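Top to bottom, those sequences are chains Y and C. Counting in my numbering, the first sequence runs from 1 upward without gaps. Counting in my numbering, the second sequence runs from 1 upward without gaps.
Hint data in this document are derived by calculation from the structure and do not stem from the laboratory. Wrong hints could be hidden among the right ones.
[Unchecked claim] For lysine-lysine, the following DSS-like pairs were computed, each having C-alpha atoms within a straight-line distance of at most 27 Å: (1) Y:Lys-72 to Y:Lys-54; (2) Y:Lys-278 to C:Lys-320; (3) C:Lys-705 to C:Lys-719; (4) Y:Lys-206 to Y:Lys-72; (5) Y:Lys-206 to C:Lys-320; (6) C:Lys-510 to Y:Lys-206; (7) Y:Lys-284 to C:Lys-2.
[What the hints assert, rightly or not] Covered stretches of chain Y, going by a simulated chain C footprint (3 or more residues, C-beta under 8 Å): (8) 38 to 47; (9) 72 to 84; (10) 101 to 113; (11) 126 to 135; (12) 141 to 153; (13) 292 to 304; (14) 330 to 344.
For clarity, every value in this text was computed on a predicted model and none was experimentally measured. We put the beta carbon where it would ideally sit given N, CA and C, even for glycine.
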Amino acid sequence: MNPGQMTEFAVDDQIEELQGLKQEFLEEVKNCADLKDVDRVRTKYLSKKGLLQKRFSLLGQVSPDARPLLGKELNSLRSELSHQIQAATDRFQKVRMQHEKIDLTLPGFQQKWGRKHPITKTLDEIKDIFSRMGFTVEEGPEIENDYYNFEALNIPEGHPAREMQDSFYLAGGWVLRTQTSPVQIRVMESQSPPIRMIAPGRCYRKDTPDATHFPVFHQVEGLAVDTDLTFADLKGTISAFAKRLFGPDMRIRFRPSYFPFTEPSAEYDFSCIICKGKGCKACKGSGWLDIAGAGMVDPEVFKDVGYDPEKYTGFAWGMGVERIAMLKYGISDIRYFYENDLRFIEQS
Amino acid sequence: MKCTYHWLKEFVDFDFSPEQLAEKLTILGLEVDGTENIHRNTNGAIVGEVVETVDGNLYKVKTGRRTETIEFTSGQLQKNQKVVLQPAKGGTRTFQISTYESLGLSDEKSVVFVEETLSPGDAINHLVPETDTVYDIDLTPNRADCLSVIGIARDISALTGNPLRNPDTKIAESGTATAELVRIGIEAPEGCPRYAARIIRDVKIGPSPIWMHDRLTKVGLRTINNIVDITNYVLTELGYPLHAFDYALLEDKQIRVRLSTKGEQFVTLDEKLHELGDDTVLICDGKRIVALGGIMGGQNTEVSEQTRDVLLECAYFGPKFISRSAAQLGISTEASVRFSRGVDPNGIPNGIDRAAGLMAQFAGGQVQKDLLDQYVLPIPSPLVNFRLASIPRHLGISLSSTEVEELFTRLGLGAKPIESSTNGKTATGYEVEIPTFRPDLTREIDLIEEISRITGYDKIPENYIASVPLLSHSNSKEQTLNEVREFMTGNGYSETVTNSMIPGSEIVLKYFPEETVRLQNPISEDMAVLRPSLVATLVRVAQFNLFRQNEDLKIFEIGSSYLCGDSSFLENLLLGGLMFGNAENAHWDHKSRPIDFFDVKGLIEDFFRRFSIPGAQYSPKQTWALDESSLVVRLSEDEVGFLGRLNPIVQQEYDLGGECFLFELNLDKIIPNFVQTKRFHSVPRFPWVRRDLSFVVDIETPGGKLFEKIQEWGGTNLKDIFIFDVYSGQQVPIGKKSIAFSLTFQANERTLTEDEVNEAVDQIIRAARNEFDAVLRG
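If we strip away everything but chain Y, and leave its shape as in the complex, we get (with noise of 0.2 Å):
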């Protein structure tokens, strides 16, 4: 077509050729199958190279009288095509939907997810705890000699401490670590105060397995060494443990005992998680629970690792994790840890 012939062309042609136009697209919409079909028939009319937008181009070479009247019938017919598109558009997507609807009812696919021992659980808290008070946590074997499982502590052979520990001995005279108390020694002897750590891990003691013993447990153990600690150093160290690990209003009671290694020594006890201390069955009623023991580190302990007792104070603690555990999640038998029972760890 020569677009100089455009002007000669009387406007009504024009407009009627629009009908024509219209009546075709009306024609390919009624005959669209799915949506692919409205898409193809929106490209053919309506995009940047459709019949429609070709019109519009067309419309410069139109006498300036007749160009309104051909501009308002373009527009009108656009606006038209644009809405007879987005109908038939939703009339398919909604029986697209219809067709494809699933049953929102039925449950997720899940992953299997793997989970923490609830004593690793248990020890991290502990640790991240103590490693926000500035302890650094240590390690040692489990496998100890006797110098640092007993003779480095004060408890020389002989001693009647050794009875309060059943121990388990293997030959030549090496015993499976009683306490991480061992860990402390060797970091004394390999470092200079200030000291602050933690030792967690794994020790044996000689008790028949029921409820509350196992011969295998985990304990973590705690040392401060520096030259103005004071057993009050202690007590602020345990509860601010308390308070974070069972909340701000937990209270700690400390009791005179007995350790060889510290001096003055203590058990600690937690009030009451379950009773808030009022006195509940968990509690024998008193309010208390017993966590462990602590105290202030012995000078003969000093002496021994080749720190000044004149100079240094220092304080230790020791504190069982499956104790705490079962407190923290409620679990009555000690058992349950070392069974590993799938449905047991799947709830830490």
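Place chain C on chain Y using the hints.
Just chain C now, kept in the frame of chain Y:
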């Protein structure tokens, strides 16, 4: 150690209720492990005296001012015999005659013995209280002084400030000087620094007074006769172990204290024959052994019904001698426990006189003149320097000198003010004389503990401000293990923590015949050796879970194995895992798939990728725990682990039906290769091109090798390669398989051209043909 509420009240006043006292004792460091409330039917009970027998079982009994006729069927009563009368239950008569059982003292149905000093009408509930509380105190081993009622009372006295009342130890002596009746020779002064003896003549062996019977039963001691009971009573009351010999049976009227030599034999009171080692302290008469000093007396000189004269021994034996011998002989007695921890050597005259006095009073004996006391190695009261400034230094609280002096006095310590100077600084303090009943107090720090104990730990504040070293080292291993745990849980594995002590019969042990670590003193055969590998405990956990019907397992453990090395024990930190059953959770929209070899291999490959450890080599090798479908993992030639399918022998032993896959990695060897700080590289912004190549190779050709080679041939632009299909069957010739690779090419700094990619692919095809005889499939 057991004591009772009323027994303590004899020595010190206090206002605490029985429950409060338990709490106070615990707060003093004398932990009350249990309390028992004991009831005796002594309310309204009085002493009566039999006037005459009326008829058979009927007696006229004087009840004070009145006389009543009372029936008694549990034995015959004598005229003038004193009895205890208690209100009868629902009868017409006012009283019944008490037996030990009816008073609630024991289950003995005989009539209660009444001591001479009591008269008809006397009430007895001040001798035997109607209610009393027994405290079972879990004593710490340092508190030897509290292995006696008086020691516990002393602590209550220190706590309350109320004075301590010591029991009466005055005695009336008569007859012959003891030194003329017996000779004492101490030949082992280290084992027996002091030996004291008294002789009590003409004792009447009989029952003990009712109050003594009451107290001894309450603290769990069996009553035997008045002489033996008195030794046990004084032992409990004052903490002095005493021994009574039948004087008549002592040969040559001589006591020799000497040490044993190996091979000597002796029969103790409990009729047991003991073979002695060296250096047990022996008490001998002129001819033979009569007692194991500080442990137990002998049958040959035991006090019996026939005994008339008693030699009473109160001695101080060296703690080390007694604890060693007691352990050697496997005997633990009230005496040996006390001597092992330390009895007060300087209070011995008090202890022996207390007992002798009671024997005079309640066994009718005559205490012979002069205590015979051999004190060959005197033990002085130690002096300890104490600085006031040490209190705030250790406790974080300050006490005035007046408060400190008061505390020392209450504890029975003598304190003399002194000024001491160290490094030119003068310090105010005391020279403290430690009484020998407190062998646990030898240093300044021990006194600080005493001060804090009596002051109360609750008086020490909680200090929440700390000074923290900023440059302390951090434990990277700890961090790494946490990341390993997260890797495993993220892959769907749950963590187990198992008992590292396993049965000695465990089948896996046969693979470690030389290296198995055995316990010398296991609790039971079930926990007799330490695991040589995590496989041992993982398969047990699998067995347990299958038994509990948990049938899909993905578990791991991080823990040590224990082996005997050439010269020491080896602890290796391992990561072990086991998988069984379905790989994924079941779902209505997914088919579940059983775990297979490539799950475990993929996990380990991913492990090394996750922790950026290059160069892990996998070679087929059957390891002890696995069958032929298994690989060992090497890092620069060093074996660091294995993975694969559990071998059928172990599998059968544990009833693991179905395929079970596992792995074990030695973390001690692997962790040093962990990259501590990863370096990131920028991500290419240019488009990638993917090409799929399917090679037909001989069925024996290792696909992994071809895979590695393609990676090498592809050059730097080959960014990713994965195998999307492995096939053998009708579509390929017999004896061949096809392996389909998907290759991704991408350059970091530009868009690759079609030609470049084609060239790279052609090179791979050529190389594959040359090295693997690989043919490109249609």
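Hinted pair, alpha-carbon criterion (27 Å max): Lys-278 of chain Y, Lys-320 of chain C. Please report holds or violated. violated (46 Å)
Pair hint Lys-72 of chain Y and Lys-54 of chain Y, alpha-carbon separation not exceeding 27 Å: holds (15 Å)
Count residues of the stretch 292 to 304 of chain Y with a Cβ under 8 Å from any Cβ of chain C, then say if the count reaches three. That given contact holds, which follows from 3 residues of the stretch 292 to 304 of chain Y lying within Cβ reach (below 8 Å) of chain C.
Verdict on chain C covering the stretch 330 to 344 of chain Y, criterion of 3 CB contacts below 8 Å: holds (count 7)
Under the criterion that the straight-line Cα-Cα distance not exceed 27 Å, is the pair Lys-284 of chain Y, Lys-2 of chain C satisfied? holds (20 Å)
Would you check chain C against the stretch 72 to 84 of chain Y, counting CB to CB pairs closer than 8 Å, and say if three or more residues qualify? violated (count 0)
Tell me if the straight-line CA distance from Lys-705 of chain C to Lys-719 of chain C falls inside 27 Å. Status holds; Cα separation ~18 Å.
Within the assertion that chain C covers the stretch 38 to 47 of chain Y, do at least three residues meet a Cβ-to-Cβ distance smaller than 8 Å? Our answer is that it is violated, as 0 residues pass the Cβ test (under 8 Å) against chain C, missing three.
Pair hint outcome, Lys-510 of chain C versus Lys-206 of chain Y [Cα-Cα no greater than 27 Å]: holds (26 Å)
Check, residue by residue, whether the stretch 101 to 113 of chain Y contains three or more positions whose beta-carbon lies closer than 8 Å to a beta-carbon of chain C, and give the verdict. With 7 residues closer than 8 Å to chain C, the stretch 101 to 113 of chain Y meets the three-residue bar; holds.
Are 3 or more residues of the stretch 141 to 153 of chain Y near chain C, judged by a Cβ distance of less than 8 Å? Coverage by chain C holds for the stretch 141 to 153 of chain Y (3 residues, Cβ < 8 Å).
Within 27 Å, alpha carbon to alpha carbon, are Lys-206 of chain Y and Lys-320 of chain C? holds (25 Å)
The structure fails hints 2, 4, 8 and 9 (numbered hints given earlier, in ascending order).
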